[in-house]
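So the protein lines, in turn, are chains A and B. Residue numbering for the first sequence follows numbering that gives the first Met the number 0, beginning at 0 and increasing consecutively. Residue numbering for the second sequence follows numbering that gives the first Met the number 0, beginning at 0 and increasing consecutively.
Keep in mind the hints are simulated off the structure, nothing from the lab. Note that beta-carbon positions come from the ideal geometry of N, C-alpha and C, so glycine has one too. Hints may contain errors.
These stretches of chain B come out as covered by chain A in the derived footprint (C-beta under 8 angstroms, 3 or more residues) [as the list claims (entries may be wrong)]:
#	region
1	50 to 63
2	220 to 230
3	303 to 313
4	371 to 383
5	508 to 517
6	524 to 530
With a Cα cut of at most 27 angstroms, we get these calculated DSS-like pairs of lysine-lysine [claimed, not checked]:
#	chain 1	residue 1	chain 2	residue 2
7	B	Lys69	A	Lys238
8	A	Lys166	A	Lys220
9	A	Lys72	B	Lys317
10	A	Lys144	A	Lys238
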Amino acid sequence: MGLALLFIIWLITLSSTYYFVIQKWAPLPVASANGIAIDHHFTWTYILMGIVFLAAQLGLGYLVWKYRDRGQKAQYSHGNTTMEIIWTLLTAVLFIGLNLSGEKIWAAARFQGAAPGAVQVEVTGLQFAWYFRYPGPDGKLGRTKPELADASVGNPVGIDPDDPAGKDDVVTGTMFLPVDREAELVLRAQDVIHSLFIPAMRFKQDAVPGLMIHMHFTPTKIGDYEIACAELCGLGHYKMHGMLKVISQADYDKWLASKVAEKLAQ
Amino acid sequence: MSEQAHAVHAHAAPTGFIRKYIFSLDHKMIGLQYYFLALVAVFVGMFLSLLMRIHLVWPEASLPWFGHIKPEQYLTLLTMHGTIMVFFVLTTAPQSGFGNYFLPIQIGAPDMAFPTLNMLSFWTTFVSFMVMLAAFFVEGGAPLSGWTNYAPLSAIPSAGPGQGLGEDLWIISIALFSVASLMGALNFITTTLDLRARGMSLFRMPLTCWAWFVTAMLGLLAFGVLLAGGILLLLDRNLGTSFFVPGGLNINGNLSFPPGGLNPGGHPITHTGGSPLLWQHLFWFFGHPEVYIAILPGMGVASQLLSTFSRKPIFGYKAMVYAILAIGILGFLVWGHHMFMSGMSPYSAFAFSVMTMAIGVPSAIKTFNWLGTIWGGRVRFHTPMLFAIGFVSLFVSGGLSGPFLAQPVLDIPLHDTYFVVGHFHLIMGVAAIFGIFAATYYWFPKMFGRMMNETLGRIHFFVTLLGTYAVFMPMHYLGMAGHPRRYSQLTELNFLQPLMPLQKFMSIAAFITIAVQFVFVINLFWSMKKGKKAEINPWEATTLEWTVPSPPPHDNFGGVTPVVNHGPYEYSVPGAAKDYTMQTDPATVAAH
């Protein structure tokens, strides 16, 4: 029985570790500046926790086999205070040290605001779609009113026609961003909580009704990236998705200009 | 106090069927009532997960009776699976079930401190469970907003199917459950403090009793907050208050609610000024301690069993007690780690994150001490011990994904993905269930006077251990690949397509794991009638429940209050005649 336990615990441990190491189901290739730092920190956590996982599980399997009942006398011991202190301190240093070493990346993503000159995008989540609004040449987003929001009349985020600042606002169902330039997002939600999740950008943030949440990140690779909703928002949660298209600055300028022209022509 | 209590309780056992089996005041019968309630609940919850696993990998499948499962029905299954498992299984069986049965016996008391309150607590839980199940059968069905029920999705009836009467029933059920848990917690705390036998000092209590005691304190402080949150949510939904609902919402064209308002002829009520984050704070102020409510009793059982079956004193008894207390205290300071992505201040995320990493330390201490207990022991592999060893393995595996999720920076990719689902299922789901299994196989002889079948027990153990790992370990891979949780279908996102084979593997593993649970149920009921007769102390254990007949008489000790002379885990004492020294053995037997 001891051998069977040893075998099964080791089997589970080693096969789990194998799949963790080969990363058959790997995360999407990272495509943002902060994402590289996040992945790096992830790898460190991964290695350290992996070592503890292997040591604890293999140790457990070994101990139950080694000390199986073969008629020997068990040791009479109530413990060892020195060892208790050592492993308490080691764990505290490991866990809290790991935590503190990741705080810089968190601070870069969340404590500081976007740098001046960042691309401005307002993101609105509603059941079950994402909408992205860009200010036109005036650089200002117009006022919105919730009662005006109605996708069937072409005004999904409820832009108020009485506000001149909103005349040139561009609203799209796909997010466009220029590469290597910081984007400042303002997240809003119209009905329930949603969460803007762009796996390749290592970006996630809830959009909460009643809050305007400012976020920022810098895409570093041209390409198309899927956007998902990560907060349960109702029956269509699984199909609330969108697309981020990262393009060159020149293409971006061209795209925005044509969109603005289209909007003003309406 | 114990003599006084003895005077109160040493009366004849009730003879009528109703007083004996239905409205019983006996803590043992109430413990069994809780246990069997949880057994029914776990099969309901497991059945819901079976439907979920089928729908995930064969979304178009048509099932007998159910037909085709729609995406919103998947969310209903998910909500009710989580709710039933967390409340009616993981909170009910380890604490209210086994705690009720064995806390009084292990501390040498004839009953709980407040037997009537105890009965009331069980029947309130029972009504709560019936109300929860009723949600399936009302118009619109059960809610789809998850067991966490975030507002405004939970606060606005028009936000989705099941968010009408079904959601109201959900809240009422949970409010009742909270009231029952508060009554139970009060009873456990008073019993532990006041009814201990002579010589049963706090530091001579078995670690199971420490776990139940601290769990009760967590319950007392946490369930009140959930109750308050539930009442506020009911008010928001039905009386037009705005605790959790901000102004300026547009839900599919509905600007206000309830639809039509309280006075259908007049103006509907418009919400203004509420905060969705307030619900999350209240919910998780309860919800995080709840995780420890589910797992602490399992830790107590694992400690008790590892010591008993290794024939060795528990390694570092006091360190174990302090670790339980530390987990209890820190458990109230970490709720914000569920909210790193919620829009809460990033500075408070930093604070919550440090506290969360700190709570990993006492958890690690416990693991080291369990390994230290086996080290140098003489390990007997009876089924309860197998499950206790499985508990340690699962606790380690589930625990080590904690330091990933405790760091806000890693929550950016991992939050609300399957990584989280894998983490909490291993540590608070399966580990806690292994604690329940271990306790069942261990105390069955005491509760029913017969032994469970070892061969069936071993089959149950090995298949369940492999099976649960095969279901929940791959969830970490899914989460790392970015698979969001609570998705009824994988069809909409391209990057999820390569993950389908893994999902299929997990579904098949789940079917096998679910099937083998019937081996357990057969063993349970068969052994009650046909199992080998059990001796008073079949495991050669030391604690007080093994000094009384199986099952114990009405007032546990036959009118005699035991006197305790030893700590709870005196195994293999040098110079002693046998390798275990009962807590009631004369003081001269052992050095300690």
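Status of the hints after comparison with the structure:
| no. | hint | verdict |
| --- | --- | --- |
| 1 | 50 to 63 | violated (count 0) |
| 2 | 220 to 230 | violated (count 0) |
| 3 | 303 to 313 | holds (count 5) |
| 4 | 371 to 383 | holds (count 9) |
| 5 | 508 to 517 | violated (count 0) |
| 6 | 524 to 530 | violated (count 0) |
| 7 | B/Lys69 to A/Lys238 | holds, 13 angstroms |
| 8 | A/Lys166 to A/Lys220 | violated, 32 angstroms |
| 9 | A/Lys72 to B/Lys317 | holds, 24 angstroms |
| 10 | A/Lys144 to A/Lys238 | holds, 26 angstroms |
Violated hints, in rising order: 1, 2, 5, 6, 8; the structure is consistent with all others.
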